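Heads up: the sequence lines are chains C and L, in that order. Each residue of the first sequence is one higher than the one before, starting from 4 at the first, in this note's numbering. Each residue of the second sequence is one higher than the one before, starting from 1058 at the first, in this note's numbering.
The hints are simulated quantities; they were obtained by calculation from the structure and are not laboratory data. Predicted model only: the values in this text are computed from it and were never measured. Backbone N, C-alpha and C fix where the C-beta goes; we use that ideal spot for every residue, glycine too. Among these hints, one or two may not hold up.
Quick partial rundown of chain C residues pointing at chain L, CB under 7 angstroms, derived from the structure [to be verified]:
1. His74
2. Gly80
3. Gln83
4. Pro85
5. Gly87
6. Arg89
7. Phe91
8. Leu97
9. Met102
10. Ser106
11. Phe116
Chain residues, written in single-letter form:
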Amino acid sequence: MLNLSSIQTSYGHIKALKGIDIEVEKDEIICLIGSNGAGKTTTLLTISGILKPDSGDITFEGESLKNMPPHTVVNKGICQVPEGRRIFPRLTVLENLEMGAYSLNFKSQTSNFKNNIEKVFSLFPVLKERTKQMGGTLSGGEQQMLAIGRALMANPKLLLLDEPSLGLAPIMVSKIFKTIKEINEEGVTILLVEQNAKAALRLSNRGYVLENEVIKLSGTGENLLHNEDVKKAYLGE
Amino acid sequence: MNYAAVKRHPLLRSLLISLFSAILFLPFKDLKSSAILFAVLFICLSAISSVKNLQALPSLPKIKLAHPRFLRSASMPAGIIIFLAFPFFLKDYYLDVLIMSGIYMLLALGLNIIVGFTGLLNLGFAAFYAIGAYTYAIVNTKLGMDFWVAVPLSAGITALSGIALAIPALRLRGDYLAIVTLGFGEIVRLVLNNWDNLTNGPNGITGIARPSIFGTAIGKLNMYYYLVFIFVVIAAIIIRRVECSRIGRAWISIKENEIAASSIGINTTKYKLYAFAFGTFWAGIAGILFSSKMQFVSPESFTFMESVLILSMIIVGGLGNTYGAIAGAFILALLPEMLREVQSYRMLILGIALVLLMIFRPQGILGGFKRCTF
Ligand SMILES: Nc1ncnc2c1ncn2[C@@H]1O[C@H](COP(=O)(O)OP(=O)(O)OP(=O)(O)O)[C@@H](O)[C@H]1O
Ligand SMILES: [Mg+2]
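Only chain C is shown next, with the shape it has when bound in the complex (with noise of 0.2 angstroms):
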């Protein structure tokens, strides 16, 4: 479904990506672990089309996505959540969630517009009592769940989520993980970054390990889980 192929990506003149394959098939769970700074948001936002590779490319169902802008690959069914919550602060909570059928040209009052509100307050049942609240005093938790609810909205095929569980309680990070799990049962393929390296790969398919700016290791998510490098960097055993 999702094909990168030695993608290199820069800031200026540092290379953030010294050419990356990661290939992605439908309805899998893929997960992508590192440590901070390997380069793990430099990739999702490479996918969405936010940051241009140098070389390298990317195709979603056959296509290609090097030259689209971000709002074209959205248009394609590839949405991101990105690192840190950004949601909309002074727009309560359901306006957030239309803003996320944007790009479907969806009115409030159709009949796909509700379906898909229906699914995502069934999914995260806090967002139903808080419609009026602004997004902008939403707890952390709420706010991942907002935002994840948001990219929702636009039906994608794929989603891809930046450390979904960063800040939160242990006890909301199973329950994200759960209901990434749920999404992913409906239908969307999932490309997930996480430093919560354990949950992610028991929760994947697969998995690769970014480290030094290229794929150093991948596998299924059990073969992973007992390498032993992964084991000692990113597991903590």
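Given the structure of chain C, go ahead and fit chain L with the ligands onto it with the hints provided.
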């Protein structure tokens, strides 16, 4: 203190940027205007960053305005009737002030689209006002073009110049964009001052025709008052419509969080361009109304202080609030006239009033953006 800390601390950052620009400005201007630039930049930048960080601050005391629903729905028609009645009992002098305040309303409405909705700080808005005014002045005196033909022409040329500035300038973000627009404002004024063949330089252009309706020129002030009034009402209605459309929602999402906006599929560059084009369009309308009313234009009317005044109007009224822009323009255009008695202190009083307003009600008199009911 390292760079990251400076970047994070909004006040410190505003201070440094304002100081830097003021020093850059020094060779071109005298010390006084540099000092003014410094003060204005500092206040505006910190006001804007504090509005942006508002949700992080403890909630501010809310001043409740006309709360009951019927009052709110009645205030608009009541306001319109009062404004319609003014010419019947006001002296010409006050009517004149009101006409100018109407022109400022158009300018504030336009700037509010760029700064208030989309969050792009523009410190050279008077340049677009000037382009609108000079377009009519030139086509009228040189080609004898009629006012009504020139209205779309002036507005169109001004909007095109807005796009022409925006295409290169929108590659810059935040404070840097503000500095470029500031520079643009000065460039336009200098061009008007020096292009003698076309603009008659510092002497300006005289003998500009008043508009005519059904073949008779509008001579009386009260007719002119109604003309401006109609333009303001039309502008407010159209702008409110656009604000509540998909375009308006895209603008607000860009201001709220640009990365989030592009992550939900909004073409941020396109909508920023729209904001510039649409905002400067109204500056063009304000410009043609101004030059046809004065029957004279000169570069002096379009200084940096004029840009600052328009910006103050939308900050006072409430950034991002269409009605706020109107209220702010009304107050700031009238206040100096009301304070005429105290002549030499009036700018001081005005300044103090602005500072106090920013301390006690940083979101402006009518508060931030007014929700559309979808
Ligand atoms: N805008 C930027 N300008 C310059 N360098 C950048 C920029 N953004 C990121 N980098 C650098 O690129 C490298 C990769 O950053 P990236 O954000 O992709 O890391 P990450 O793997 O997401 O890390 P984390 O887990 O901490 O989020 C880092 O060394 C970072 O300092
Ligand atoms: Mg990251």
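How the hints compare with the structure:
no., hint, result
1, His74, "4 angstroms, holds"
2, Gly80, "10 angstroms, violated"
3, Gln83, "5 angstroms, holds"
4, Pro85, "5 angstroms, holds"
5, Gly87, "9 angstroms, violated"
6, Arg89, "4 angstroms, holds"
7, Phe91, "4 angstroms, holds"
8, Leu97, "10 angstroms, violated"
9, Met102, "6 angstroms, holds"
10, Ser106, "3 angstroms, holds"
11, Phe116, "11 angstroms, violated"
Comparing the model with each numbered hint stated earlier shows that hints 2, 5, 8, 11 do not hold.
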